[in-house]
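Q: Chain residues, written in single-letter form:
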Amino acid sequence: MSWTRREALLGLGSIPVLGAVWWAGASGAVGRKRERSALLEQLNIQPSLPGAVPAISGEPVKVGIIGFGIRGEQLCRSLGYATDEWVAAMEAEEALAKKEGRPFTALQDFRSQDPLNIRIVGVCDIFDVKAELAIRSFSTPDNPVKRYATHTDMIRSGEVEAVVIATPDHWHAPMSIEALNNNVHVYVEKPMTHNVAETYALREAARNSKAIFQVGHQHRQTLSFKTAQDIVDKGVLGHVSLITTNTNRNDDNGAWNYDIHPQANPETIDWQQFLGSAPEVPFNKNHFFRWRKWWAYGSGLSGDLLTHDYDRLNCVLKMGIPKSVMASGGIYTHRDGRNVPDVLQANFEFPDFSTGSSQRAGKEKGMTFTYSATLGNGWNRPTMLMGHDASMELGNRLTIWPDSGSTRYAGMIESGDMSPQTPIYSYDPAASSLDGVSSATSQYFADKGLMWTYVDGKRVDSTFLHMREWLSVIRNGGQVSCGIQEGFEEAIAAHMTGLSWKLGRRIEWDPQGQQIIPVEGVDLDAVLLENPPGVGQYAPNVVAAL
Amino acid sequence: MTSTSNRWGPDQSVALLRILIGWHFLYEGIIKLYNPDWTSFGYLASAQGPLKPVFQALTAEAVIPWVDTLNWAALVFVGITLILGVAERLGALVGVGLLLLYYLAHPSWPGMPQINTEGSYWIVNKNLIEAVACLVLFYHPTGKLFGLSRLFSKKPATSKTKVL
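Protein sequence lines, in the order shown, are assigned to chains A and L.
FYI, the working numbering numbers position 361 of the first sequence as 361, with every residue one higher than the one before it.
So the mapping is simple: the working numbering equals the position in the second sequence, first residue as 1, plus 1000.
Bear in mind the hints are in silico, worked out from the structure with no lab data behind them.
Among the clues, some could well be false.
So, partial list: chain A residues that the calculated Cβ filter (under 8 Å) puts toward chain L [said to hold, decoys possible]:
1. 11
2. 13
3. 14
4. 15
5. 21
6. 24
7. 25
8. 26
9. 29
Now the stretches of chain L that chain A is said to cover, found in silico as 3 or more residues with beta-carbon under 8 Å [to be verified]:
10. 1030-1036
11. 1093-1102
12. 1143-1151
Every residue gets a Cβ at the ideal spot worked out from N, C-alpha and C, and that includes glycine.
One chain only, chain L, in its complex shape:
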């Protein structure tokens, strides 16, 4: 018997976090995938901070269609892996990468105007928090608890971290 069997605990909470983050990524990706008018042009063109030239270079006419495709594809990939609990560690890593890019494109640092943010932030914003949450998912996979990985797992469900 493991701690994961019936009672709600840290593992179940991380699994829930994984599902919610996957949900968020997938929905963002799908919305973009099904809207041919969507483009990251505005987001990149108005980038701020030290990497501004890099982001602005991505808005070049020849590059932007690739950037747009890669963006929704990566979002959908992270969404699928995190929700289904397969290749979730890779998904979590891609998620960290994407979120750090979003964070760096519009860093909530002092002295930088906050564009289209619904809250108030000082250095830490939601992108950064979600990136760290993805880091937690990377170190603490839960696919065997809830997800397709459970089916492929030889052993009955056990928690990696806590065995009584």
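Next comes chain A alone, as it looks inside the complex:
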């Protein structure tokens, strides 16, 4: 070997190494990107962008709050009104988080929320402490918040244009109907009604009213659900035969054992008004603060939590009311005197529904929606849509995996362009951009809850968006996303579940007659409202103590 050649090799030999590594990295990254865009192009999924909502123009909307409990306070914050106590508590929490080096942004998020053109002018709460809290926190010298003794007084006062109803379930329909009959706009929490008859009565009232009616299923604002709609419409999943939704909670708050306020007593609470149409029982703090545990005022898992999952899917699939419902479960984890089940499984049948098919016509039709819940375990089970061609996990993020037996993707799976273990699509509104194939790492971080939902780069509360939509429609006209028809379907599905659990039998829906098929010798509404005797027998000491 000559001296010069050896010198050149040792002097310049590193350049090809540099070139090779650079080329390998660049062509790999660009090639993967090209494959991803080819795949995405083939799937043709359009990620949803936040819809433009016309401004709430003109005079501020005069809003009255009916029910200023846990949810009522949250709704007020979404409207831009926080109590002094909450701000103080959040400041303390923020300071603690800072000390411990944890991120904590609740207060910052609240403060950066866009202001809504509204004024809270009245409050109606039958617990003096809560009503006074709202008045003290929300009144200003030029806008004193007025307290009304009853919802009727508020609605008929002529001083309130719109009401936000966050009361126990048995008051939702009577209050909504009263407001709609007086053309006062309504935002009511779910479930929309407490029994079957009032579901029809409320639908009638909404149809005859000039007022805007919205049910509080705020997740209809979640961008990923709108994208999910596009995915299903384009047949990416093929025929979906099974949907699994779940609730897993394992704490007192999740089991509706909320704190009992020390100042609660018959003097500070209007007990008769609380009871309303519910059976007469003596003053009971447990019933008042933890009303979700009794059929007399609430509707347990079926009305409280299943409705969220049902409406989430009804918003994506528009599958409507199930043909039949079968539910089972029991009080297995909190035998504390409650009479609503705390473990519940419900199967909804949609025998005529299809999301489309990639196979020969007529082979596939029908779908089961299953809801599985326990208040005695906190393991997070994702919502899954299971199709012949792909499975989709539906949450704030969307992830789609091709199915090994898929007809549509058979060629791509065989050629190795797709693998059943690797997502073909992942959508995360919080990520900087859309990614065709999610990496294990980004998956992990998203699962950790580190990636939030953003609208235009800002973290936003979906309840705020839902209320803003309602207020915008009040001022500008248009359609709300969870109006009376959506609310009707949600309420009927919930009531069918409650009835099935209570009667231990299949409950069927007649789509032509638009009614739950009667069960001979049974008054369905009476069953739904009935407090089953003996269910609370397990913990008489707990019941007596309260």
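Since the structure of chain A is provided, determine the placement of chain L on it from the hints.
A: Relative to the frame of chain A, chain L by itself:
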């Protein structure tokens, strides 16, 4: 005649180490450079240990694009200098700095959950080892043995450490 002429020895081994570390840095940098979707957000947002607030502050919306750019630029810089054997001491130093930052963002200390690691570590992990390897490169430059520095060197190739 020097010890470096024909026979494989410590110098050649360090030069090989330099090329491999440069290779690793360059590839990591290039992958990020050519993937506009890449961001260090997740890595920083999930930081642990005493410097957690510092790393999390870097995830701020206004800061993160700069952090991302600086990161791939530094990786590519270290990669180029170490592979080519020019400014390799500066490259090695930047490499030490980067690796220590990675190490401190997710230290493999007892009591801290190990996120996305493919092995098992107690205090010492691969970032720390590579940082120390960069330290060796800093104290033992080999660009004149294999690299562009050889061309600029007036003297024929000699080893700094060992002359017979």
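Q: Taking the hints in turn, state whether each one holds.
A: Do the hints match the structure? See the list:
1. Annotation: residue 11/A was flagged as interfacial toward chain L, and the flag holds, the nearest CB pair being 4 Å apart, inside 8 Å.
2. The beta carbon of residue 13/A comes within 6 Å of a beta carbon in chain L, closer than 8 Å, and the hint placing it at the interface holds.
3. Checking residue 14/A against chain L: minimum C-beta separation of about 5 Å stays under 8 Å; hint holds.
4. At a threshold of 8 Å, the smallest CB-CB gap from residue 15/A to chain L is about 7 Å, leaving the interface hint in force.
5. About 5 Å separates the beta-carbon of residue 21/A from the nearest beta-carbon of chain L, less than 8 Å, and the hint is met.
6. Interface restraint check for residue 24/A: the shortest CB-CB distance to chain L comes to about 7 Å, inside 8 Å, so the restraint holds.
7. A distance limit of 8 Å between C-beta atoms decides the matter here; for residue 25/A the minimum to chain L is near 3 Å, and the interface restraint holds.
8. The beta carbon of residue 26/A comes within 5 Å of a beta carbon in chain L, closer than 8 Å, and the hint placing it at the interface holds.
9. Because the closest C-beta pair between residue 29/A and chain L is about 4 Å apart, less than 8 Å, the hint holds.
10. Counting residues of the stretch 1030-1036 of chain L whose beta carbon lies closer than 8 Å to any beta carbon of chain A gives 6, which meets the minimum of three for the stated coverage.
11. Counting residues of the stretch 1093-1102 of chain L whose C-beta lies closer than 8 Å to any C-beta of chain A gives 0; at least three are required, and the coverage claim is violated.
12. With 6 residues bearing a CB less than 8 Å from a CB of chain A, the stretch 1143-1151 of chain L meets the requirement of three and the coverage assertion stands.
The earlier numbered hint that this structure contradicts is number 11, and it is the only one.
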